[in-house]
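In order, the protein sequences belong to chains A and B.
For the first sequence, our numbering gives the first residue as 324, with consecutive numbering after it.
For the second sequence, our numbering gives the first residue as 93, with consecutive numbering after it.
Keep in mind that the hints were calculated from the coordinates and are not lab data.
Accuracy of the hints is not assured; some may be wrong.
Stated by the list, open to error - Okay, derived cross-link-like pairs now, SDA-like style, lysine to any residue, Cα gap no bigger than 20 Å in a straight line:
1. B:K379 <-> B:S339
2. B:K282 <-> A:K426
3. A:K440 <-> B:H255
4. A:K395 <-> A:K440
5. A:K426 <-> B:R349
6. A:K341 <-> B:L248
What the hints assert, rightly or not - Partial pick of chain A residues on the chain B-facing surface, computed with a CB cut under 8 Å:
7. T339
8. L340
9. L346
10. T348
11. E349
12. M380
13. D383
14. F387
15. K401
16. P403
17. L405
18. N409
19. D425
20. Y427
21. K430
22. S431
Glycine included, every Cβ here is placed at the ideal spot set by N, Cα and C.
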Amino acid sequence: MPKNKKIMIVEDEPFTLKMYTHLLTEEGFEVTATPNTKEVVRLAKANKPDLFIVDMMLQDGDGFDVIRELRKTTEFKKTPILVLSNLGQEMDINEAKKVGADKYLVKSNVRFEEVIKTVQAMLK
Amino acid sequence: MVKKQKEIQVATQEIQHFMDAIGDGILITDPKGIITDANQTICSILGYDNKKEITGRSTLSLLSPINEQGVPITAKNAAITKSISHGDRINNAIRQFLRKDNRRMWASITTTPLKDKQKKARGSVLVIRDITEDRQQQEYRTDFAHVASHSLRTPLGNMMWAHEYLLSEKAGKLNDTQNEFLKESYRTLKAMNTMVNDLLSVSRLPDKKIKPKLEKICLEQTVEQIIANYTTYAQARNVTVDFVKSSEKHFIKADQRYLPIIIQNILENAIRYSFENTKIILSITQKGDFITLACTNNGIGIPKDKQKFIFAKFFRAPNAVKSEGNGTGLGLYITREMINMNKGEIWFNSVSNKETTFFIKFKKY
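So that you can see chain A by itself, here it is in the shape it has in the complex (with noise of 0.2 Å):
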């Protein structure tokens, strides 16, 4: 398992961001947040993640301007993207797909568990 990697969480519904810290803090994770787009790439400078986890909707903006602002960011053009987004329709997945994010999954569709399982394997 890896240890000691960073993530950086971008979710602005309170109870979720919660959950998400702390279950991948058990996990041995060292977690950042924001629920602010337009603070992530400020934020993502600094804390230099290893890999990033995106909602779509999110109060001040979505998560595919946050994806397309990282991924034009030369330090994180590579960094690994997984949405985590309670949109499940084909064409957000595309979109999201195609604007660079790594990998999708329907929130209320996958255990926790499977949420730990892809992080790890995106990050080996």
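Fit chain B to the given chain A structure using the hints.
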């Protein structure tokens, strides 16, 4: 001479009455696309009082058409130009036109060239159907699916993950009552999640007037991906899933957006209604131009007298309700609708309390 003129006048009036009685808008143009005649319906659709306001105008400048993606249609690409210049009939092209009040309307347009005896184009007839209401409903449905998927699934997902975490006892040991209550609550949440997913699938069933995007898909690959997603679910129910396949790959014509949902629904039902410690077998066969996926399980089956209702909306057989209390009765309805859209077929053989096989047939690519 006077009699002849009167006859012509009567005939012209009759044609005008006939055109006005048609529910679709009609425009008649000369070879340059200038409107020479119109019926009352097109005036109403576009918000004009009568045809005097539109005759003599260029069709393109009157309608200012844009395509489904919002791109303006140029004279070169216009259906009317293709009709007049190439003699083509263009059927049901979807456009947005500009009304007199500057609002946009959605239309389905069919253009037919008018030719003289020498087969030279002397104009065209445009039949325009107002589909604004249909399009708005489609948009509402898409918006509903978007909002509902996020707003309903987010709290459900959170609750399920919190339950999983508590049930894993990583946060502390549970006593028997706590464990039992949490398990029951988790089971209910999962059932609710299935219902939300089913309702969303129904809301997303596309308008039957829209053509599916049939593309080349490897059936083996799709089936394998879905089996992988259902491994945990099958294990929890003590059921194994066996995919019997040959080395040959089978490519079918299907819509990538719907095929996974179709196979997923069939496999999920097979697991849900299987007896414990049994095996589900999936296999693919080819006959002529058709490829069939079969999924067999050993389980409660479908009673003979209920088989004719199995694809009806909201129907659940009594033995299915008894074995699995939660369910919407929408899964097989959705599946069949999606298969029809993919120009496929679905049928089944079932013996109560023994064996059921669902077959899905698609056209070979």
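ask   = Hey, K440 of chain A versus H255 of chain B, does the alpha-carbon distance stay inside 20 Å?
value = holds (18 Å)
ask   = Regarding the pair K395 of chain A and K440 of chain A, is the alpha-carbon distance no greater than 20 Å?
value = violated (28 Å)
Hint consistency between K426 of chain A and R349 of chain B [alpha-carbon to alpha-carbon, up to 20 Å] = holds (17 Å)
request  = With a cut-off of 8 Å on the beta carbons, see whether L346 of chain A makes it to chain B.
outcome  = With Cβ-Cβ at 6 Å, under 8 Å, it holds.
Given pair status - K426 of chain A, K282 of chain B, alpha carbons within 20 Å = Roughly 23 Å separates the two Cα atoms, so the pair is violated.
inquiry  = Under 8 Å is the threshold here; is the Cβ of L405 of chain A close enough to any Cβ of chain B for the hint to stand?
reply    = violated (15 Å)
ask   = Should the interface hint for D425 of chain A be scored as holding, given a Cβ-Cβ cut-off of 8 Å against chain B?
value = With a minimum Cβ separation of about 16 Å from chain B (threshold 8 Å), the hint on D425 of chain A is violated.
key: Proposed interface contact between S431 of chain A and chain B, which counts if any beta carbon pair is under 8 Å   = holds (4 Å)
inquiry  = Checking one constraint from the list: CA of K341 of chain A to CA of L248 of chain B, max 20 Å. Satisfied?
reply    = holds (15 Å)
task = Classify the hint on K430 of chain A as holds or violated, based on whether any CB of chain B lies nearer than 8 Å to its CB.
result = Holds, about 4 Å.
ask   = If you take the shortest Cβ to Cβ gap from L340 of chain A to chain B, is it below 8 Å?
value = Because about 10 Å separates L340 of chain A from the closest Cβ in chain B, which is outside the 8 Å limit, the hint is violated.
key: Minimum beta-carbon distance criterion (8 Å), F387 of chain A to chain B   = This hint is violated: F387 of chain A lies away from chain B, its Cβ roughly 13 Å from the closest one there, beyond 8 Å.
Hints 2, 4, 8, 10, 13, 14, 15, 16, 17, 19, 20 from the earlier list are contradicted by this structure; the remaining hints agree with it.
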